[in-house]
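Two chains, two separate frames, one set of hints: put the complex together.
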Amino acid sequence: MKASAFTYHKPNSLDEALGLLKSEEEAKVLAGGQSLMPMLNMRFVQPETVVDVNGLSELSTISFTDRVELGALVRQKTLATDTIIEQHLPVMREALKWVGHFQTQSRGTIGGSLCHLDPASELPMVALLYDAELQVASASGTRVIPIKEWGLAYMMPSIGPDELLTKIFIKPWDKPYGFGFQEFARRHGDFAIAAVGCLLKLKNGVITDIAISIGGVEDVPRRFIECEDELRGSNYDINEIKQRIVNPLNQINYLDDSLVTGSYRHKLLKGLLARAIEQAGTRTNSD
Amino acid sequence: MQEQDVQMHVNGKPVSGKVEARTHLGDFLRQAVGLTGTHLGCEHGVCGACTVIVDGDAVRSCLMLAVQADNCDVTTIEGIAEENGSLHPLQEAFRNNHALQCGFCTAGMITSLYAFLSENPNRSDEEIREAISGNICRCTGYQGIISAAKEAAAKMAKDNRN
Chain A
877 MKASAFTYHK PNSLDEALGL LKSEEEAKVL AGGQSLMPML NMRFVQPETV
927 VDVNGLSELS TISFTDRVEL GALVRQKTLA TDTIIEQHLP VMREALKWVG
977 HFQTQSRGTI GGSLCHLDPA SELPMVALLY DAELQVASAS GTRVIPIKEW
1027 GLAYMMPSIG PDELLTKIFI KPWDKPYGFG FQEFARRHGD FAIAAVGCLL
1077 KLKNGVITDI AISIGGVEDV PRRFIECEDE LRGSNYDINE IKQRIVNPLN
1127 QINYLDDSLV TGSYRHKLLK GLLARAIEQA GTRTNSD
Chain B
472 MQEQDVQMHV NGKPVSGKVE ARTHLGDFLR QAVGLTGTHL GCEHGVCGAC
522 TVIVDGDAVR SCLMLAVQAD NCDVTTIEGI AEENGSLHPL QEAFRNNHAL
572 QCGFCTAGMI TSLYAFLSEN PNRSDEEIRE AISGNICRCT GYQGIISAAK
622 EAAAKMAKDN RN
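Those protein sequence lines, which keep their order, are chains A and B.
Position one of the first sequence corresponds to residue 877 (the numbering used here), numbered consecutively onward.
Position one of the second sequence corresponds to residue 472 (the numbering used here), numbered consecutively onward.
Only chain B is shown next, with the shape it has when bound in the complex (with noise of 0.2 angstroms):
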């Protein structure tokens, strides 16, 4: 069995360990860096409730090796939130409008409108739409979701603007 040195930046702190080089990043988020706010569903790239952010990019932890991270920065959900623990925006506005229910999708639905509405929060219906398209859930129904991605939307294009 190979295994790999790897280090990385999670949620900004520093972390660095050996793993073998068939983990996916989505394991070693949850079994090597203990956190377990990133879900693992399909495994092949078509639930998205794995997305994590690297380098700024929403990706799917479970179609990136871990030893591809090296020297990368990673956010997971655990990171979305401020550090004295003040909710994100969109973690405002997914309790606001119901937007979550069992909750396995809802990391990913975060890390991913997190990137893609910190890129440009002037978003269309359509646009918000086709963004969380990549994203399964089965509680729902969506709508709480796009209600509440308008809404965080707004908050953050406010917040730009301060």
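Just chain A, same shape as in the assembly (with noise of 0.2 angstroms):
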């Protein structure tokens, strides 16, 4: 199908652009595009006007001091390949991996993987490992929203019609830890089924910190914070993992839909949790 006919504007500026986005009702903000396209092709959106942000080069810059500040234009090519993503944050790199096709990161961005907000999205699951924060401008000003309080519900971010995401900030982890990644998706590149992300701190062969995130199971990615909770001071001992896996992972309400029920999303993501565990554990002392 074809997208519907709409008035495009391409702003030059951050400020001309939050005057677009103020004064045009109904307008849509065009990043990557690699979700937006499709849903303009198949006309479930019809907007009025499309701001295309693909002007805005001070949005496509990544820089480190004691964060990570990454512009909300960032390809996810971009990601894939930076130099300080690989230092600072490996697990984004990892993620990656499982995020479409070389041919959608060449034109996807960061800010729009999280103002999409698919369910099964792996850079919001990413995002929420290190509880980023995100700024969001308006033509009255920016805001800092954390991550835990960005996805209302599905689809839906934290985010008004006359807003734009500027910015993301990661902090990351003190060195040593370690960084998991597990997905499953029926083809690769399609949207997951179940995934994991997975951050793991020990000592003495203790676990002293951990932070799980979960995609592809619920309306929402998220922080599995029963989960942590569990496991935060227990041995890191897979075998005693997998027992206390168990309770939390029977706490969710899994999606069920034309793809997969619900109760093998369950069996998918016991399995995928267990692993992303044991990968970030074998990765806790490489550093």
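It is worth saying that the hints were derived from the structure and are not from the lab.
All clues stand as given, with none of them false.
Just a few of them, taken from the derived set where beta-carbon distance is under 8 angstroms, the chain A residues facing chain B:
no., residue
1, Met877
2, Ala879
3, Ala881
4, Tyr884
5, Gly909
6, Pro914
7, Asn917
8, Met918
9, Phe978
10, Gln979
11, Thr980
12, Arg983
Once the Cα atoms are required to be at most 25 angstroms apart in a straight line, the calculated PhoX-like pairs of lysine-lysine come out as:
no., chain 1, residue 1, chain 2, residue 2
13, A, Lys1051, A, Lys973
14, A, Lys1024, A, Lys1043
15, A, Lys953, A, Lys1047
16, A, Lys1024, A, Lys1146
17, A, Lys973, A, Lys1043
18, A, Lys1051, A, Lys1079
19, A, Lys973, B, Lys621
20, A, Lys1024, A, Lys1051
21, A, Lys878, B, Lys489
22, A, Lys904, B, Lys489
23, A, Lys1024, A, Lys1077
24, A, Lys953, B, Lys621
For every residue, glycine included, the Cβ atom is placed at its ideal position computed from N, Cα and C.
Dropping the structure here:
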């Protein structure tokens, strides 16, 4: 199918973009287009106005001071090869192996992934692991939103129609720590049926800190706090861990759809979670 | 109806015109430029048939507006062979290995592999399979395509060394 007609704007500055988002009703922001364009072509969305932010070069930078600062327009392809990401956020590179295909990564952006907020999207899961902060701008100012308050409901981020996601701030964990990312999809690059990200710190064989994020199994990707609390302070023994994760896994209300059943997602997540923790565990000492 | 001016280079030649903002690059190439080698399959980014190369990167031409390719260099399947008509190693290898039957996916397969192998022709089987996981073929069963990609990669690596 073809997109319905819309008025197209390509602002050259952030102020101009924010002015357009304020003045134009029913405007959609076009970044990498790898989610919006399919929705336009299938007429799931029929906006009056499209504001193409690809001209805002100030949103394409990656820098590091005490935290990684990512412009919302940084492309997935750039994230996958950038040395700051490799050094400070290795789990992001790991997760990117699962994000779409190389032909979509060449246009897709981190801000687009966060704003589209597909239940199975990997980059929000990475942002969740590190308690990222998201900077959102509008004509009346900026605000910073903790990632845990970002996902309100199915594909609904906490952002107003006149607001634009501009920066993502991610504070890396102090090294050494291990990281893992596991996912299952029917074909490489398809939406995850279940996915798990994990960061892990060990001391003398005990889990001193752990972060787990889950995707694909519920309406919104989220941190798996119940499981983290269960594992923090316990021995790093994979058989013991496999027992301890059973109860938190039972508490999830799994998506049940035309693709697979909820009980299948449950079984998958159980296996992937153990694998992600084990993968993180083997990396805790390699640093 | 709002029309936009666009100009770009397609297969090295300057092209300009007016397009509706909603026109995606694939339709622009086929209808305005007349290059019908780029095939449109699903038009929502899943099948990979419409893949073209924009400023060196393989992209889905159905997931990019024509106006977004303003001032870009675009390469389509028509621009892969030499100007004198001699085939690119990928095209030769596709022929040698029976890597196509109906041919609908072939343009996208070749543009994808062209971008992927031009960046680095030294790729494992696994990496080649992953690279074309975003291109759907309903005829061949993929084995011939993998063989063709490997044959072409070896030739491209050798050409790079010379």
